[in-house]
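**Student:** Each residue of the sequence shown is one higher than the last, beginning at 1 in the working numbering.
None of these hints come from the bench; they were simulated from the model.
For glycine and all other residues, C-beta sits at the position ideal for the given N, C-alpha and C.
Don't take every hint at face value.
Calculated cross-link-like contacts (lysine-lysine; reagent style DSS-like; alpha-carbon spacing at most 30 Å) [said to hold, decoys possible]:
1) K119 with K87
2) K36 with K134
3) K134 with K87
4) K15 with K64
Label-pair restraints from in silico Cβ distances [as the list claims (entries may be wrong)]:
5) K132 with Y72: 12 to 22 Å
6) G91 with N152: 33 to 43 Å
7) D145 with E58: 31 to 41 Å
8) I67 with E38: 16 to 26 Å
9) F104 with E27: 16 to 26 Å
10) K2 with G40: 14 to 24 Å
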Amino acid sequence: MKKILTLCIIRQHPKILLGMKKRGHGEGKWNGFGGKVERGETIEEATVRETKEEAGIEVSRINKLGILEFEYQDGSGNMEVHIFYVKEFKGSPAESEEMKPRWFDVSEIPYNQMWADDKYWLPMFLGGKKFKGKFLFDESNKIIDHTLSELN
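The whole structure should be built from the sequences, with the hints applied where relevant.
**Tutor:** Next comes the structure, spelled out in structure tokens:
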């Protein structure tokens, strides 16, 4: 069964806010903020809740830019991730048990410390383009195959 997840990236040009994952899936990687959609919750509500839990900020006027599917060659961990862009928020980003937020200039995004797929879709995201894609990983999180396309 496919897990439905959210990912929220805060952008205040020329910077984006990423979080260093401190535990669990993706530990030691920079990423946006997000997670599982809870029962009875919309994808948008989950995005707002997860960003508050992980970065201590309240986001509003979220804008969905992408949907990515992730599959593993061994059949484990199939995910559908809804990716949101936010430029306005209330509060100051603060470290949580799960994430340590940090601003990066868009010219200094640490792709080598992020998920392997980010270097493919994040430039589209930063260009304000809507997109969808699918990534197939092996057991060592290496991309075996992928498709990515811009939506109208």
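**Student:** If a hint holds in the structure, say so; if it doesn't, say that too.
**Tutor:** Structure-based check of each hint:
no. : hint                      : result
1   : K119 with K87             : holds, 21 Å
2   : K36 with K134             : holds, 18 Å
3   : K134 with K87             : holds, 26 Å
4   : K15 with K64              : holds, 19 Å
5   : K132 with Y72: 12 to 22 Å : holds, 19 Å
6   : G91 with N152: 33 to 43 Å : holds, 35 Å
7   : D145 with E58: 31 to 41 Å : holds, 38 Å
8   : I67 with E38: 16 to 26 Å  : holds, 19 Å
9   : F104 with E27: 16 to 26 Å : holds, 19 Å
10  : K2 with G40: 14 to 24 Å   : holds, 18 Å
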